[in-house]
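S.K.: One-letter residues, chain by chain:
There are 2 protein chains.
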Amino acid sequence: MYEGPVQDVIDELARLPGIGPKSAQRLAFHLLKVEKTDLERFASALLALESVGFCERCHNVAEGSLCRICSNPKRDPSVVCVVEEPRDVIAVERTHEFAGLYHVLGGALSPLDGITPERLRVRELIRRVTATGPDGRPEVREVILCTNPTVDGEATAAYLLRELQSLGRDDLSVSRIASGLPVGGDLEYADEVTLGRALAGRHSL
Amino acid sequence: MYEGPVQDVIDELARLPGIGPKSAQRLAFHLLKVEKTDLERFASALLALESVGFCERCHNVAEGSLCRICSNPKRDPSVVCVVEEPRDVIAVERTHEFAGLYHVLGGALSPLDGITPERLRVRELIRRVTATGPDGRPEVREVILCTNPTVDGEATAAYLLRELQSLGRDDLSVSRIASGLPVGGDLEYADEVTLGRALAGRHSL
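Going down the list, the protein sequences come from chains A and B.
Take 121 as the starting number for the first sequence in the working numbering and just add one per residue.
Take 121 as the starting number for the second sequence in the working numbering and just add one per residue.
Just so you know, the hints here were simulated from the structure itself, not pulled from any lab data.
Hints are supplied without guarantee of correctness; some may be wrong.
What the hints assert, rightly or not - Here are the simulated distance ranges between beta carbons:
1. B/Thr157 <-> A/Gly138: 17 to 25 Å
2. B/Glu213 <-> A/Ala298: 57 to 65 Å
3. A/Gly138 <-> B/Glu213: 35 to 43 Å
Ideal Cβ placement from N, Cα and C applies to all residues, glycine included.
The following block holds chain A by itself, in its conformation from the complex:
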């Protein structure tokens, strides 16, 4: 319908998830009005994405073979935080509460969608946990299961717990992040499952 280049940009934008043809059209008309340098910067940012791959160790996004976190010598390699997606790494990093390494599964178990343990990076996690360090002993001593507190995430955490326990390592501690009321939340508006978890997870003062 539109002049060639305008229609091309509309088509490309409409290919993005969650952007329909109407939004794509609106965005394309916005891009028609921006400076040429802005278009060039946008285009080169897209091309630079080609150089981004995944970390060999933790499968987070990485420019080289290791991500910034895995290649940081100040991080503690004995603690591994298992998350579903690279964006969850950023969420945990923002807390500034975690100094260990990550393991990105690439999703959560969801048999109905065909996401079985083989589709996630479970084998790679087991390999990391069983690998021995320079002193001949297993390097990883703590695994924090940090998948989402959703049905799929909980199932994934339960599955990983079983797998890790079946390794028979007494010196390995496996934990799960706490569920409860969000800070600033209100008892009145909390759903009963969350409030139940908050009660079950109470700690003495």
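We have chain A; now place chain B onto it with these hints.
M.R.: Showing chain B alone in chain A's frame:
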């Protein structure tokens, strides 16, 4: 927060209207997974936008000095349909009911937002309407005011009607698109203003 190239794409996407940082992050992670050729096609589509300008005559988007409609000899130059934006041209074109030319105002009058007649292409419209053709007579004989049936669009149409009438051309017909119930609509759910317009604009059978 993210590796350089990922953050760059997030920043570029978040600069688009209606796309917040969370959506930009989601889209960037989608783009991380697509084929390299798809990224390259997207980037070159953006760069090709640089070649798109605006039609000298009607101010629609155009690759050359005239848009596809203005450069089509089969279109009737004596009828001009005045619209607010280039996307409205497409909307009218989709009806296949109009064979004349367009005039894109670039918006609608909105004094509160500082959109005065000087900010729109009103002067250019008047110039087109008063311009004489090869036979020495004014070429434009009909103007259809096709601005949106919103407060701003109606005010713009009223303003343009006054301006066009003040030209004192008896042979110029000026019309306004009809308001009424949309086809497939339901009287029960129509707002009273629309239904009132539909009644006022009734035609005998």
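S.K.: Does each hint hold? Answer for all of them.
M.R.: Here's how the hints hold up against the structure:
Here the CB-CB span from B/Thr157 to A/Gly138 is close to 22 Å, well matched to the stated 17 to 25 Å. For B/Glu213 and A/Ala298, the Cβ-Cβ distance of about 58 Å falls inside the hinted range of 57 to 65 Å, so the restraint holds. At roughly 28 Å, the beta-carbon separation of A/Gly138 and B/Glu213 lies outside the given 35 to 43 Å, and the hint is violated.
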